[in-house]
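Fit chain B to the given chain A structure using the hints.
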Amino acid sequence: MQRIIKQLVFFIVLLIAWEGIVRAGGWTPDVMPKPTDVWQALVRGFEDKTLIYDLIASFERLFVGLLISLVLGIGIGILLAKSKTADETLGSLILALQSVPSIVWLPLAIMWFGLNEKSVIFIVVLGGTLVMTINMRMGIKSVAPLYIRAAQTMGSRGIDLFMRVIFPASIPYAVTGIRLAWAFAWRALMAAEILSTGPGLGYTLKYASDFGDMSLVIAVMILIGVIGSIVDYAFFQRVEKNVMRRWGLETN
Amino acid sequence: MFLHIDGINKQFVNNKVVNDVLVDVNTTIDEGEFVSILGPSGCGKSTLLSMVAGLSEATSGEIKLEGKAIKKPGKDRGMVFQQAALFPWLNVEENVMFPLKKEMSKKEAKETARKFLQMVQLSHYAGHYPHELSGGMQQRVAIARALAMNPKVLLMDEPFGALDEQTRARMHAELEKIWIETRKTILFVTHSISESIKLSDRIIVMGTQPGTTIADIPVDIPRPRRFDQKEVIQLEKKISLLLKNEIDKVVKEELAYAANH
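Residue numbers (our numbering), protein chains in the order written: chain A, 1 to 252; chain B, 1 to 261.
Careful: at least some of the hints might be erroneous.
Selected chain A positions facing chain B (Cβ under 7 Å, derived; list incomplete) [said to hold, decoys possible]:
hint : residue
1    : Leu146
2    : Arg149
3    : Ala150
4    : Gln152
5    : Thr153
6    : Met154
7    : Pro168
8    : Arg246
Honestly, the hints are just simulated from the structure, not real lab data. Each residue gets a CB set at the ideal place from its N, CA and C atoms; glycine is no exception.
The shape of chain A in the complex, shown without the other chains:
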């Protein structure tokens, strides 16, 4: 509870300071809006339902893209962990690609798929797949040899060993992978939406910027941040913590 009170006080002070500084500086809302302007833009957006449609559209793409990247990431990750040749070849490519922000693929994606949903989903998939692959690979490779030896003495080997021991033992890494994939995919989605087409939160941000509506720009930014942290705190961190505890990996 202590923590929540501290956070609450911090954000209230932050908002008051923001409001005060903008009033004192005499900036107009098209340069630096006040929190009250942003709040109005947010309310307006929800009242005329544009932000609601944006949220639905963004989440649809995110869901499809993330799902594809998780399936791909788990598959490729297992392949890299199991095949030395694949790891040495495809693995090095994956590592190299990871340092390329997925949004730089957008020009190519637009050439291939057109300026539409598919391009955006492609960018989201790229954003999520690589990090999922790397975590899944680590997860399979980090399975305690003791588990494998124990399972072997109980007559388990091959596919049975993989399905009943190696894969479940790698779940803590997979969960971290899913959490990071979500974070990467969410960022990639926003970038792709700003640069391509709507509806979507990123697109509305770009649209607001074109019309000089900085209140709406900040409103969308806050929405992006709030959704990102809610999903991370309320869902992923909780799941991750439970898995870590159950798997006996918790460090206190």
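Then chain B, alone, in the frame of chain A:
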């Protein structure tokens, strides 16, 4: 001849230096016998046990169980490690059912798991997860899991080495009780002289550099044995003396290594 260990040699090659871990190890273990393999660290006793389990291969020699050469791990040999090695994503009952999945129906597997959990007095913890149990309880589940698949031999690799003194004493009593109940053949690796005297019918003493058997001592003291019994103390002294030379060798080796590095 139930379990026959015949001329086992094991070498590790490290940077082209050949290291003899086990040299010419021979012994025979009868059905229903409780045999300890006792030796200082580095004598290869755990390596020998993992060969019986089929988890590692001998450089030469052969191990036969009921006349059949051991090549791979199998359900006829249950293994209990120093760490319980329970699967954390399964609860206690599911862990014990793990080796039973293929050969019996779910209902039968459940009944079998219940029976062996009862034997280690953990029936009330069937639904708990491993991280909720103490080290001693986890090790009891591991024993139940190994026994549940009805192996011909139970292999135990310093199973109580990571437990505190009091828990270990309780585990000794419990293992003895289980052994009397089931009359399983048990091969028990330990570096504790008192543990081997407390539990086994026979102690195979191993020396180091190279690892080989240096004595085979029957323990003819009625059970349950107490640490303050005269016979127990005498035997302990005798084995201590045997091992002293071996431990001196290890110390000398370590000092020489330290001097050269």
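Hint-by-hint comparison with the structure:
no. : hint   : in the structure
1   : Leu146 : holds (5 Å)
2   : Arg149 : holds (6 Å)
3   : Ala150 : holds (4 Å)
4   : Gln152 : holds (4 Å)
5   : Thr153 : holds (4 Å)
6   : Met154 : holds (4 Å)
7   : Pro168 : holds (5 Å)
8   : Arg246 : holds (6 Å)
In this structure, every one of the numbered hints holds.
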